[in-house]
Amino acid sequence: MDNNFLLGQNHFLSLPRPDVTLGPPIGAPDTTTLAAHDFDVDTRTGFMPPQQPLLRLPSDWELWEGTLDRAIASKLQLGSKVGLTEEEAETSEWWRGQVRELPILPTTELKKSEVLLRSPIVIPAPITLPVLQVSRDLQLPPVITYSDDVLYNWRFTNGQEVDSYGNDILPTISNISAHTLFTGTSDEPEFYLSSARMELKGVEALELMRSMMDEMFVGDDIATRRITEYLHELAEVIRELGVMLMKVKEGCKPDVFYHEIRPWFRGEDSSSEGGGEWVFEGLELDESLCRPTELSGASAGQSSLVHALDVFLGVDQFSHSSATASPPNPVSTTSAAASASPAAAGPSQTGGKQPRSTFLKRMQGYMPRHHRAFLNHLANTPRPLRDFVLTKSQEAPARASFSQQGGGNSSESDGQKVLEAYNAAVQALKVFRDKHMVIVTLYIIGPARRKPAGSVPSTTTSSSSSSSKEREEVKREPLKGTGGTDLVKFLKSVRDQTKDALLVSSPGSS
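Take any residue in the sequence shown, count from 1 to its spot, add 54: that is its number in this note's numbering.
Hints in this document: simulated from the structure, not taken from any laboratory. Take these hints with a grain of salt, some might be off.
DMTMM-like, lysine to aspartate or glutamate: derived pairs with alpha carbons at most 25 Å apart [as the list claims (entries may be wrong)]:
hint : residue 1 : residue 2
1    : Lys307    : Glu474
2    : Lys135    : Glu258
3    : Lys303    : Asp488
4    : Lys135    : Glu314
5    : Lys255    : Glu294
6    : Lys255    : Asp275
7    : Lys489    : Asp309
8    : Lys546    : Glu322
9    : Lys553    : Glu314
10   : Lys255    : Asp241
11   : Lys415    : Glu314
12   : Lys415    : Asp488
13   : Lys135    : Asp114
14   : Lys301    : Glu341
15   : Lys129    : Asp275
16   : Lys129    : Glu314
17   : Lys135    : Glu116
18   : Lys135    : Glu290
19   : Lys301    : Glu290
20   : Lys489    : Glu116
21   : Lys553    : Glu322
22   : Lys303    : Glu314
23   : Lys484    : Glu261
24   : Lys129    : Glu215
25   : Lys301    : Glu287
26   : Lys484    : Glu287
27   : Lys255    : Asp274
28   : Lys415    : Glu449
29   : Lys255    : Glu244
30   : Lys307    : Glu144
31   : Lys415    : Glu283
32   : Lys546    : Glu141
33   : Lys301    : Glu314
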């Protein structure tokens, strides 16, 4: 293997980590912070890697890279495309034939580097085996995920990775471009980059979280005032994220996204948009492998940044409240539609553990495993922000008379102010989800309800009547997201119930 592709001794992925599930050894203090290499979270770039992702696998796996190159150059089309030509179908079959003839390449050397463990996904046996083996070691489903499209799919625009002094250049909102693209449209890179820019902006939110957790450890009146200020700053960061989200409209057209880009990262459980069971050929060649059951497509629900905001603010406890009409149901890992339903996930009764909706919990399984560990670390902090705010706001009325007798009422004011600042951050997150619903309506719901370009119009009264009935059936069928959810129902539920996390002032507080 080319040693140039191995991680350096000081690369942040080469540094030792505690076990993802067990944590630090018994007796060893947990010194991890919200921006530690243990979680692949960088203080400067957040969930985005600070170094340019690997742009091409080493020569040992050039057959895979060449296969991807030919697929892109041939402009392969999905079999479900409306108006697929005979020539396009023949080109796709020619490419699949080449894939079936590939040798089954070993993955032993890949496992020596976490960066090299990320590879493209195809289903014929020569790719099925290494992909499932690699996915097993990454602890990820063998599908394209949000992190594949966004976190690890960028390159420096000018190709320069170090400055004139030899220092590493960090990715910023303005110096990166998308790397691997499949549609040949200008809309596709803009769609990925809009999320990448938000991830980089999210560094400010992560730093504010860290600062607030440090202040909660102190917990005095000065710390409360600082947390109040940090919460107002966090609300502003969330508002700016919403502005960035809406800017996707400037470079990505809704119909191009829906009909040309989105189908490529659709999951097996996106049944309302076509497609059947995925078949992984060659499983019998490796008895240690089994057919994967988690095959949802890339989704914004896989963003570690948004999950971090939910968990830190305690909003995840309200993503599906007890007000949901149906009682919780058992969840099957093979039924994404059932697990995505709001009725399938009620609040947990497991004491201190924060409940999450089944779908959002599932989506954490599609995140890089160290980011999952970060969220677990954040969720299990002994000093949750929401509890801190509640305690301080409830202390204020009890201490009011004492403060007034002493000639001041700062404690009362501090408790009320930190509550108001917390509510401002939660409200900003709710508004962010309002904007997300606007984007979903514009980019998914609207195009899904419109007749696709190239479809054949009806020519007779009877066929027109039949088509009308078919359209009504389509309208009644729930529109599914790439993650397998009943899209509209789920997003409205999460958005509307985010506001349930708002705190009410205690009686007697000013």
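Evaluation of the provided hints:
1. For the hint linking Lys307 to Glu474, the alpha-carbon distance of about 39 Å lies beyond 25 Å, and the restraint is violated.
2. Simply put, Lys135 and Glu258 have alpha-carbon atoms about 41 Å apart, too far for the 25 Å limit, and the pair is violated.
3. Annotation: proposed proximity of Lys303 to Asp488 holds, straight-line Cα distance about 16 Å (limit 25 Å).
4. Simply put, Lys135 and Glu314 have alpha-carbon atoms about 9 Å apart, close enough for the 25 Å limit, and the pair holds.
5. About 8 Å separates the Cα atoms of Lys255 and Glu294, which keeps this hinted pair within 25 Å; it holds.
6. Pair hint Lys255 plus Asp275 does not hold up; C-alpha atoms about 30 Å apart against a cutoff of 25 Å.
7. Simply put, Lys489 and Asp309 have alpha-carbon atoms about 19 Å apart, close enough for the 25 Å limit, and the pair holds.
8. Taking the CA atoms of Lys546 and Glu322, the gap is about 23 Å. The hint holds against a cut of 25 Å.
9. Proximity of Lys553 to Glu314 is assessed by CA-CA distance (about 35 Å); at most 25 Å being required, the pair is judged violated.
10. Our distance criterion of 25 Å between C-alpha atoms is met by Lys255 and Asp241, whose separation comes to about 21 Å.
11. At most 25 Å may separate the alpha-carbon atoms for a hinted pair to count; Lys415 and Glu314 exceed this at roughly 29 Å.
12. Proximity of Lys415 to Asp488 is assessed by CA-CA distance (about 21 Å); at most 25 Å being required, the pair is judged to hold.
13. Only pairs whose Cα atoms come within 25 Å are accepted, and Lys135 paired with Asp114 is rejected, the gap being roughly 34 Å.
14. Our distance criterion of 25 Å between C-alpha atoms is broken by Lys301 and Glu341, whose separation comes to about 48 Å.
15. Distance hint between Lys129 and Asp275 is unfulfilled; the C-alpha atoms sit about 62 Å from each other, more than 25 Å.
16. For the proposed pair Lys129 and Glu314, the alpha carbon gap of about 11 Å is at most 25 Å, so the pair holds.
17. Among the hinted pairs, Lys135 with Glu116 is inconsistent with the structure: their alpha-carbon atoms are about 30 Å apart, more than 25 Å.
18. Distance restraint check for Lys135 and Glu290: the Cα-Cα separation of roughly 42 Å exceeds the 25 Å cut-off, and the hinted pair is therefore not satisfied.
19. Using a Cα cut-off of 25 Å, the hinted pair Lys301 and Glu290 holds, with the two alpha carbons roughly 17 Å apart.
20. For the given pair, Lys489 sits about 42 Å from Glu116 by alpha-carbon distance, which is inconsistent with the 25 Å threshold.
21. Between Lys553 and Glu322 the alpha-carbon distance is near 32 Å, which puts this suggested pair outside the 25 Å criterion.
22. At most 25 Å may separate the alpha-carbon atoms for a hinted pair to count; Lys303 and Glu314 meet this at roughly 16 Å.
23. Of the pairs offered as hints, the one joining Lys484 and Glu261 holds, with about 21 Å between alpha carbons and a cut-off of 25 Å not exceeded.
24. Note on Lys129 and Glu215: the hinted pairing is violated, with a Cα-Cα distance of about 30 Å set against a maximum of 25 Å.
25. For the hint linking Lys301 to Glu287, the alpha-carbon distance of about 21 Å falls within 25 Å, and the restraint holds.
26. Between Lys484 and Glu287 the alpha-carbon distance is near 16 Å, which keeps this suggested pair within the 25 Å criterion.
27. With a C-alpha separation of about 30 Å, the suggested pair Lys255 and Asp274 falls outside the 25 Å cut-off, and the hint is violated.
28. The hinted pair formed by Lys415 and Glu449 fails the criterion: a straight-line CA distance of about 34 Å is larger than 25 Å.
29. For the given pair, Lys255 sits about 16 Å from Glu244 by alpha-carbon distance, which is consistent with the 25 Å threshold.
30. Annotation: proposed proximity of Lys307 to Glu144 is violated, straight-line Cα distance about 29 Å (limit 25 Å).
31. In summary, the hint linking Lys415 to Glu283 is not supported, as the alpha carbons are separated by about 31 Å, beyond the 25 Å threshold.
32. Our distance criterion of 25 Å between C-alpha atoms is broken by Lys546 and Glu141, whose separation comes to about 42 Å.
33. For a cut-off of 25 Å, the pair hint linking Lys301 to Glu314 stands: about 20 Å separates their Cα positions.
Taken one by one, the earlier hints fail for this structure at numbers 1, 2, 6, 9, 11, 13, 14, 15, 17, 18, 20, 21, 24, 27, 28, 30, 31 and 32, listed in ascending order.
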